[in-house]
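Whenever a hint applies, use it, and build me the whole structure from the sequences.
Protein chains in written order, with the working numbering: chain A, 6 to 545; chain B, 252 to 540; chain C, -5 to 305.
Hint data in this document are derived by calculation from the structure and do not stem from the laboratory. Everything numeric in this text was worked out from a predicted model, so none of it was measured. There could be a bad hint or two in this list.
[What the hints assert, rightly or not] If you only want the chain C side, here are some residues facing chain B, beta carbon under 8 Å, derived:
| no. | residue |
| --- | --- |
| 1 | F12 |
| 2 | I132 |
| 3 | P137 |
| 4 | T138 |
For each residue, glycine too, the CB sits at the ideal point set by N, CA and C.
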Amino acid sequence: MRALAFALALVACNAPDRGPRWKPAGATTPRAGGTLRFAVPDSIRTLDPTIAYDEVSFFAMQSMFATLVGYGRDSLVLTPELAERWEVADGGTTYRFWLRPGITYSTGEPIVAADFKFALERALTTPDSPFGPFLSDVAGVEAVLAGTTRDCAGIVAVSDRELVIRLARPAPAFLYVLALKFATPQRADHVTAAGAQIRIRPLASGPYELASWDEGVRIVLRKNPRYWDPARGHLATIEMLENVPRDTQFLMFERGELDAAARLLSPDYLWITSQPAWQPYIHQRAPMMAQGSRINVRVKPFDDRRVRQALNYAVHKDHQLKLLNGSAVASHGLLAPGMVGRDTELAPYPYDPAKARALLAEAGYPDGFRAEYTIIPDPEVEMLAMSIQSDLAAVGVHLEIATMSFATYGIAIGKPAGPALGYYAWVGDLPDPTNFLDAKFHSRMISDENSSNDSFYANPELDALLDAARTDVDPVSRAATYRRAERVLYDDAPWIWGFHRLSTEVTQPYVRDYEPHPIWLRDFTYAWLDVGDDGNPVPR
Amino acid sequence: MLAPVSRARRFVANRAAVAGAILVVVLVAIAVLAPWLGKDPLSHDIEHGLTQLGAPLAPSEDALLGTDHLGRDVWARLAAGASTSLAIAALATALALALGLTIGLVAGYAGGWIDDVLMRTVDLVLSFPVLLLAILLAALLREAGLASSMAPVVLTLAVVSWTTMARVIRGKAMTLARSEYVTAARALGASPVRIIVRHILPNVIGVLIVVIALGFAQNLLAEAALSYLGLGPPPPAPTWGRMLYEGRVFYRTAPHLVLAPGLAILLAVVAFHLVAGGVRDAFDPKERR
Amino acid sequence: MIGSAVRRLGWSLLVIWFVVSATFAMTMAIPADPGKTLLGPHASTEAIERVRAQYCLDRGFVGRYGCWIERVAHGDLGESYRTRRPVTAILADRIGPTVQLGLAAIFLQLVLGVPLGILAAVRRGRWPDHAANAVSLIGQSAPTFVVGTLLLYVFAYRFGWFPISGHGTGGWDRVHHLVLPAMTLATVGVAYYAQIVRSELVDVLGEDYIRTARAKGLSERAVVLRHALRSALGPLVTLIGLDLGVLLGGAVVTEFIFAWPGLGREVLLAILEVDLPLILGVVLVSAIAIALANLLVDLAHLWLDPRLRDR
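Quick look at the structure:
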C-alpha cells in the first residue's frame, strides 16, 4: 500500500489545470435560492450578541442580527438599516432614531424601540459582556454599572418607533457603537425564556436566521423571509464549516466543496493571485487592523525613546512585506488606511541601521543589549519574528524568541511585569481612532492587573489631544487633532510599527455580488449564485 | 550466556541490521560535520533566497535542496537538523534511560512488593493518553518560563518514554535474578548493589541496546509530532520536526520542504529499528527468524 | 474469577482518579483564566474577577481542587472557558466520532495486518516475507501527519475519490468520510499487528502439536488458521486493548488533518487555548477509556487462559 501511494503521489505531482471549473451562468438579475458554503479555521463560541467578541462568532452572527445603522457596501460611512432616519442634536449629545415601519423579527413579533433599550442595558448589566465600556458616554450608565438600577436614564423609548439616546458628553464615535452587533434589538421575554440556552437560540432580526448548529462542526443559516430589505437574502441557505485548517479549506475550494475561501496561506495566495483566470473572483480589502511589536515603555532599556526609535529604524520593513508576499502595507502608526484622522503624509520609519546604531550609542548602548521577544505559536508570526531578530542583531540588539500560547499571552501583557517586547496585532471594533489610540495609548487605560494600555505609555500631551478629539463634533478639527496625535506616537514609538495586513478572499465564479464587509469581512447577505436553471453551476 | 564474539558475528551476518548501522553512522557523521557541510542554516536570505514575491526557491545548482520560506538553505538546515534532532532524541533517551534503567533493575531484582509498587507506578504513568500527556507537558513547561529553550521538549519526551524501558528491563532483570549466579552471589552475602552491577547489568546490555535504539526512534518521531502541532523546540532551532512544521503548508508548491525532513526522519527511524532488530536477534538466537 | 475482576476494577478506579488529579495539578501551573478570553481586551478588572470567581479560580490549589471534585461528583464538569458550553455536552458530541474512527481503525488493522502477518509467516524467508517486513517497518517509521497529508492529497484532492474533510452526515456518507482518516490511523497498527502475528506464528508453526496436526493430514490452511492463530490471540488481544485505549483517547494529529470532530482534535484546541475545564474533561474520558480497555484486556486474558485465574 505504501509503495503504491508513493507511486501515485509521484504521478499526481504533475499539476493539473487548477483554473476555475465553472463560470457564471450569465443572469442579469439576482437569482433566488441555493446554498453558499464557506469554512473557518476556529469554532464559533456563542450566538449571543451581548457576549460574542471573537471574529468567527461574528461571521455567523452578522447575517442574523440587524442594527439601527449599518455600513454601506464598500465604505465606512454609516447608512440607515433598522432605523429609517436619525437626527443628532444638542451639540452632539442627543441621538434620535425613527425605526422603519413594519419591521419584525423572524418569528413575526414587531421590532420596537424598547427592544433596543433592552439590548443596550443588557450589555451593561451582563457580567460577561465585553460591550459595557463602549457605552460609557451614555447618560445614566454609572447608575446601571453600580448596580443601583437596570434602567439607563439616557436611553429612552419615546414610542414604539422612536428611540432617543442622550450622551453625557459629545462623542462622534458613538454612532459606530450602535452598528456593533451587541446593539441589535433583543426581546426581554425571549432572553428570559432562553436562560442559559441563549447562546444557541438567537432571535434573528437580520436577513438570515438559525436553521441548525452542530457545535464545532457546522452552522446552517436560512433566509429570513421577514427581513425588510429585498436587496439582501437571495441565498436560501448559508453554511459555515468550523475548524477547517486553512490549507484544507483551499483544497476544498478548488474541488468545489466550498464556494468561498479566505485567509489564504502563502503558497495558495501566491498561486491564485498569479492566475489571470481567477482575477475577477479575488476580493482584497484592508481591514481595520494594525500589526507590529508592542513595547512596554516602563522596562529598561525601552524606557528611553531613542532606543525605541532605534528599533524602528533597524527593522527592514521591505523584508517583512516580502515575507508576507506583498499582501500588507507598511505602517507608521495604529490607524489603518481609510480611517478618520490618519495622517496620510506621514511615512513609515525608513530602514536605517546606521541611524539605529547611532541612536543606541547616544542612549548609552553602543554595544547593543539582549532582550526577549515574545510571540504566539503561529508559523507566520514566527517567520516575521525571525526576520526582526536578524534585523535587530545587525545593530547589536540580540533577541531571544519566547513562545507563549495566545490565551496566556493576552493575560501576561496586561501586567507591568509581563513580557516587555513582543508580537502584537490590534483589530478594531469600529473605524474610529478612539477604538485604537485611546484604548492602547491613553494613560487612563493603564491598570496593574489587566491594562488595556499594555505599553504602559503615559504622555499628558497625547492624553490632552485624545481627550479633545474624543468629544469634538467638528470633523475637520477632529481629524487634525488625531493627525497631531499620530505624530506624537510616531516620534515616541511605543511600538515598533509594522504593517496593516490586507485580507484576500476568493469566491467561485458563480458567486455574484459579493463584497467583503468593510469591518467584518465575510458578509454573504447580498450575494447570490449565478447557476443554471437546474440549480447546478455551469461548467467552464 | 553466549560469548560476545559470536553475537557480533551474528549481527554482522544480518544484512538489514548492517545497513541500518551504516545509516546510523552516516547520520551521526552528518550531524557532527554539519557546520562544515554547507551554508549557515540560521541565516535568512530574504533578498536572494526567495523568489521576487517571497516564495521558497526550488532545488537548483546553488541550493541542492532549495530554500525555505525565509530563504535559508534546506540542505544546510537538514544537516544542522540532524545534529539538533539527534541531540534532542539522544538527551531525551538518556534521561528516560536513567530513570527506566534504575527502576527496571530495582524492580526486577527486588521482586515482591517493591516490584509491585514500582510497576504500578509505571502503569499509572502509562495510563495517561500518551500524546495528550506530551502535549500537556509541552504546553505546561513552555508556560513555566522555559519558553525559549529546548528543555520542555526534552523533558516531555523523557517523561513519556521511560516507562517502556522500565518494563522491558524489569522483565529481563527478573529472569536474571533467578539465575544460579545471582543465587550463589546472594548466598555468599554480596550486597544487592554489587549483585546488580556485577551480574545483572552486564547481561541486560543486549536488551538495553534494543530499548535504547527503539526509544531513540520513538523520540525522533515524537519530536516531529510535537513540532507539527506547534509544541516543539522554539525557533530558530533547525530540527527536522520544525522543518516539517514550517514547511507543511508548502507541500504542493514546494514539496522539497516536506520531502527532505520527512525522508530524513523516515530513514533515521528505519535505521534505528533495523539496528534494534539486529541486536535483538544477535543476543537471543531463540527469537531469531 | 470474580475476586480478580473486582481487584482490577478497584485498581482501574484508582488509576482514573490519579490521572485526572495529576492533570489537574499540572494545569494549576498554567496561568490561564477565562476572564480575558471571554471578555476581550476592554474588560474591567472587576468583570474579570467576577468571571474568575464563577470558576472557583479565586481560591488556592486545594480550594480549586475541592470545588472541581465536588462538581464532578454531581456530574458537572464545568463550562468551557471559550464558549461557556457545558463540558459534558461537548464531550457527548465528540465521543461518537472518536469511537467510530477508533473502531474503524482497529477493524482495518485486523483485516489488513493479520493476513499480512500470516503471509509473512508461512512464506518465511522468501520475498513476501521481506516485502511484508519492509511494509511493516516503513509503516511504523513514517510520521502520521505525513501519511495523512499524502492520503488526503492523492486520494481526496487529486483523484477525488473521497471527501477532503469533515465527518459527513451519517450512514454511507459517514463511511465515505471515514475511510482516509481510518487508513491514516491504521498505518502504524497494521505494521504492529503484522509483526506480532508473524512472530507468534513462526514460533508456533515449529511446535510439536502442529507437526502432529500436519501428520494427521490436515491441510496447511486448516493447520494455520485453526491451531496456530489461536496462540497469536493472546498478544493480539493485548494490542487491541492498547489500541482501544489510545485511539479512544483521540487520535489528535489525524483528526486535526481531516477536520474530524473527535476528542483528539477537541483536546488539542483546548490545550492550545488553555481551556482548562475542557482539558480536564477530555483527560477524564481518556483515562476512563484506557482503564476500561485495560480492564477488558485483563478479563479477556483471564477468560482465554484459565491458568491465570485466581492466583
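Each hint tested on the structure:
no.: 1; hint: F12; in the structure: holds (5 Å)
no.: 2; hint: I132; in the structure: holds (7 Å)
no.: 3; hint: P137; in the structure: holds (5 Å)
no.: 4; hint: T138; in the structure: holds (7 Å)
Checked against the numbered hints above, the structure breaks none of them.
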